[in-house]
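Chains as they are written, first to last, in this note's numbering: chain H, 16 to 383; chain E, 85 to 640.
Hints are computed from structural coordinates only; laboratory data are not their basis.
Yeah, the Cβ is synthetic: ideal placement off N, Cα and C, and Gly gets one too.
Misleading hints may appear alongside valid ones.
What the hints assert, rightly or not - Okay, the calculated beta carbon distance ranges per label pair: (1) Leu198/H x Thr150/E: 58 to 68 angstroms; (2) Gly232/E x Leu105/H: 27 to 37 angstroms; (3) Leu272/H x Thr150/E: 49 to 59 angstroms.
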Amino acid sequence: MSTGSLSSPTVLAASRAVSRAARGRALILIASLLLAALCVTQVLHNLGVVGAGFADWRPIALAYLLWALALGRGLVLVRRERGHRALFLLPALLFTLAMVIFPTVFGLYIAATDWNLSSLTGVHFNVLGNFTTMLHDAFFWTALGNMVWYVLSVLAQYAIAFGLALLLNAEIRARKFFRVVFLLPFMLSPVAVSWMIGKSIMEYRFGPAATLARLLGWETPAFFATPWVARASIMAMDSWMWIPFVMVLLLAGLQALPHEVAESAKVDGANPWQAFWKITFPLMLPVSVTAVILRIIFELKLADIVINVTAGGPGGATDTVSSFIYREYRDRSNVGYGTMLAEFYLIIIIVFVSILLSVVSRWLRRVT
Amino acid sequence: MTTDNDHSPTATSLGRRDLLKGTAGIGAAAALGAGGALTTFARPAAADEESLRKALLKYPGVGQGTPGDAEWQKVGEMCLGATKASVKPGEFKGVELTFMGLNNQNLHNFLFRGFLKPWEAYTGAKITWIDLAQADYNPRLQQAIATGTVDFDVLEMGAPFEGDVCGKGLASPMPDWVAKQIDVDDLVNYLKPPVGTWGGKRFRVTIDGDCHTINYRTDVFSDAALAKAWKDEGHAGEWGVPRTWQKVNEVTKFLKGKTFKGKPVYGYLDQPKPWGGFCFYFVEDRATGYVKMPGDKIWLFEPDTMKPLVNNPGWVRAIQDIVDSLPYEPADQLNADPGTTAFQQFLAGTGSLLSWWGDIGQMANTSDSSVVGNVIGFDILPGSEELYNRKTGKWEKPAGGVNYAPNMAYLGWGIYVMARVDSDSKKHQAAWSAAAHLGGKDLSLWTVMYPSGFQVHRQSHFNIDEWLAAGYQKDYITGYLDSQRNSYNHPNFTIEPRIPGIFQYYSVAEDELTKVFARKITAQQGADNIAAAWEKLTDKIGREKQIALYKDSMGM
Numbered sequence: 016m017s018t019g020s021l022s023s024p025t026v027l028a029a030s031r032a033v034s035r036a037a038r039g040r041a042l043i044l045i046a047s048l049l050l051a052a053l054c055v056t057q058v059l060h061n062l063g064v065v066g067a068g069f070a071d072w073r074p075i076a077l078a079y080l081l082w083a084l085a086l087g088r089g090l091v092l093v094r095r096e097r098g099h100r101a102l103f104l105l106p107a108l109l110f111t112l113a114m115v116i117f118p119t120v121f122g123l124y125i126a127a128t129d130w131n132l133s134s135l136t137g138v139h140f141n142v143l144g145n146f147t148t149m150l151h152d153a154f155f156w157t158a159l160g161n162m163v164w165y166v167l168s169v170l171a172q173y174a175i176a177f178g179l180a181l182l183l184n185a186e187i188r189a190r191k192f193f194r195v196v197f198l199l200p201f202m203l204s205p206v207a208v209s210w211m212i213g214k215s216i217m218e219y220r221f222g223p224a225a226t227l228a229r230l231l232g233w234e235t236p237a238f239f240a241t242p243w244v245a246r247a248s249i250m251a252m253d254s255w256m257w258i259p260f261v262m263v264l265l266l267a268g269l270q271a272l273p274h275e276v277a278e279s280a281k282v283d284g285a286n287p288w289q290a291f292w293k294i295t296f297p298l299m300l301p302v303s304v305t306a307v308i309l310r311i312i313f314e315l316k317l318a319d320i321v322i323n324v325t326a327g328g329p330g331g332a333t334d335t336v337s338s339f340i341y342r343e344y345r346d347r348s349n350v351g352y353g354t355m356l357a358e359f360y361l362i363i364i365i366v367f368v369s370i371l372l373s374v375v376s377r378w379l380r381r382v383t
Numbered sequence: 085m086t087t088d089n090d091h092s093p094t095a096t097s098l099g100r101r102d103l104l105k106g107t108a109g110i111g112a113a114a115a116l117g118a119g120g121a122l123t124t125f126a127r128p129a130a131a132d133e134e135s136l137r138k139a140l141l142k143y144p145g146v147g148q149g150t151p152g153d154a155e156w157q158k159v160g161e162m163c164l165g166a167t168k169a170s171v172k173p174g175e176f177k178g179v180e181l182t183f184m185g186l187n188n189q190n191l192h193n194f195l196f197r198g199f200l201k202p203w204e205a206y207t208g209a210k211i212t213w214i215d216l217a218q219a220d221y222n223p224r225l226q227q228a229i230a231t232g233t234v235d236f237d238v239l240e241m242g243a244p245f246e247g248d249v250c251g252k253g254l255a256s257p258m259p260d261w262v263a264k265q266i267d268v269d270d271l272v273n274y275l276k277p278p279v280g281t282w283g284g285k286r287f288r289v290t291i292d293g294d295c296h297t298i299n300y301r302t303d304v305f306s307d308a309a310l311a312k313a314w315k316d317e318g319h320a321g322e323w324g325v326p327r328t329w330q331k332v333n334e335v336t337k338f339l340k341g342k343t344f345k346g347k348p349v350y351g352y353l354d355q356p357k358p359w360g361g362f363c364f365y366f367v368e369d370r371a372t373g374y375v376k377m378p379g380d381k382i383w384l385f386e387p388d389t390m391k392p393l394v395n396n397p398g399w400v401r402a403i404q405d406i407v408d409s410l411p412y413e414p415a416d417q418l419n420a421d422p423g424t425t426a427f428q429q430f431l432a433g434t435g436s437l438l439s440w441w442g443d444i445g446q447m448a449n450t451s452d453s454s455v456v457g458n459v460i461g462f463d464i465l466p467g468s469e470e471l472y473n474r475k476t477g478k479w480e481k482p483a484g485g486v487n488y489a490p491n492m493a494y495l496g497w498g499i500y501v502m503a504r505v506d507s508d509s510k511k512h513q514a515a516w517s518a519a520a521h522l523g524g525k526d527l528s529l530w531t532v533m534y535p536s537g538f539q540v541h542r543q544s545h546f547n548i549d550e551w552l553a554a555g556y557q558k559d560y561i562t563g564y565l566d567s568q569r570n571s572y573n574h575p576n577f578t579i580e581p582r583i584p585g586i587f588q589y590y591s592v593a594e595d596e597l598t599k600v601f602a603r604k605i606t607a608q609q610g611a612d613n614i615a616a617a618w619e620k621l622t623d624k625i626g627r628e629k630q631i632a633l634y635k636d637s638m639g640m
């Protein structure tokens, strides 16, 4: 009896815990089933298979929120303390699921359709039709080829930014003022840069840059009329805007370097070039790699300046993948094909950046 | 049609005192005395209308600077007579309308806001505005249509999109009282049905007419030194405004390297840079003289198959003309879109020949940004001494020596009311009242005279005395109006098909043409690529339905 009286509260507690956990599991299961049922019904409704359904998808979004609440409550019931801890992570997780994962996966579905907003016959599943079209699309491959040049221009941006960072790290007058001034281009929007620089300063008739070019002997300073000049002009504008970003990262790295190392090198008789090349540059490699890779990722998304200044011309010479996708979607309402291009480009970027990171980290391990 | 009457504003319940408020109240009161039914006093009496129109032209007057919001509101207030005659003060209180339109050159919606502000104050309705750049307009509209998320009640739209909107049942048919209020019979003939209608119903309140005309510099083409050089170089005929595309090309090549008033002078300005599909209209300008046959409506697609005609020898020749001409134009011409050629080049003094809409003639004298003033002349688009017969597949000498085919590019802007207001009679009335206010006959006189983005579109706009009263010079305005009238009434003008996705066709053509203009591919290859892309697009949109809509839109 005494054993029984001692164990009874434990049993009861255990029983309550089991019951609570069961309630939690049931709550999650029911909420999930309800959400799934609503989603399936709405899909079938939209496909015209069943009559029941909502006029739009807003109730499903609401159902998702309710499901998220039920999931949270269910986790607390099932896992108690660990469930409470999970609640801190759950909102971010569910938000990412709704706003990143789902659109990406849904995008794959759209990419496999012939959805054109003007179509009189609706949306049709065309499996790999868009992919095949893309393989034969000269505009896409031209744009992708241009991206190689744009990405390579990041190296020049890095070199200039490093020079500026060294300058601003030195003991010069009005250093703080120059730091702010050099940051100004980065504060401008690409659209503003397009109009201020591309369409005003570089304007053929009255632009100061064109006037200066004439004074220097270039009789017809048309910055956007021939392929290589146009591409170089776009690179120059893009660089002008983004060099400050790289410069700030490098400047932060330079300021974090231990002064003792540089001073020791000076004591040992190293000249400024040797001090830079043998000490500062290697020590700055991790920061440099971070800055260059971040910049490459941004560069792969280049679009605004191209759209505003050249619309991809002349003859596709300045086109970027993003500006081409923009035209495909905006001017031609080609939702299916545009999404296919975007998804494919995303994969290319992921693969390229992954390989780049892997190669660079191996190289860094070797040289440091 | 009882529905129309049921939905008509409560004209008969309007108080006489209310009617007498406002500039045009006298006209409305006079009309009320004559009857009482809505339709009898929808427009002011003739004498008052005349004085109203005279007064309108003074805001601000030609040569008095660019009008702004103050003038727009004033004009809106002055033209409120028809509204006051048909709507009680505050009758639409509580009604909220959403208006979607453009913000091109700070006009369109900016103007509409000013024009409608007095209307809002009088009727009590409130308007929320969706302003879109030209380039964003098409995708925004297409998305709304395709996803069933039409979130606007009143829409500014070009006729080419009628296939997308009216063809899909998204627009509200125009009530009879609106047709009477805006006097639809006053529209120029080419803007009368089938334009603005779909399935036999009228949908559009026309606020603009469109056609491309040739704008030329009168001082350049009357210059004695250039005339002498023209003769000295052995060119045929006298130095003057070219009337054929062959001569346009010759003049453009002739002027390269020459100076006028101490500055380099250029001939024709092409528009090779893509502009959201609109660039294709300028290729059409050069092509219609070659391919548009008198008595034959067809010039862009075969009507029974939707087979593109864009790669036939006539079109290829027009494209090749641009390629050949570009080296003789300003050095940066390859990066010039239509906006650049009009506002940064021609109105700023560069170039002596430009095909464009009627804005050039309006803005040359009324915009602060223009430096060319009255040294511009106007005519219908040049023609061609040779015509490609698509039926025989041969080049021919046109009857009369030159084949002219003015291009009615875009067919003008209109105001459309969306079908979503039909279920709410008060909202329906308010939306149509707002649309009718913007499409009013008197208000339109002001918009076609001053910078607005809209050009003449009513028969009443061709009264030269009114233009002279506003401050225009007689020769200048006579030439301007003649170029418009002669285009509108030309027996061989070209009308584009108002089919769904028409701007997709134009946009894909623009992309291919950039390769041709950059000399990466030949004109024939480019034209073939365009034709292939158009075939694919037609299949994607739905060929059979597209053929039916094409025929419907062309009145075939």
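Here's how the hints hold up against the structure:
The hinted range of 58 to 68 angstroms is not satisfied by Leu198/H and Thr150/E, whose Cβ atoms lie roughly 37 angstroms apart. Separated by about 33 angstroms at the C-beta atoms, Gly232/E and Leu105/H satisfy the suggested range of 27 to 37 angstroms. Taking the beta carbon of each, Leu272/H and Thr150/E are about 58 angstroms apart, inside 49 to 59 angstroms as hinted.
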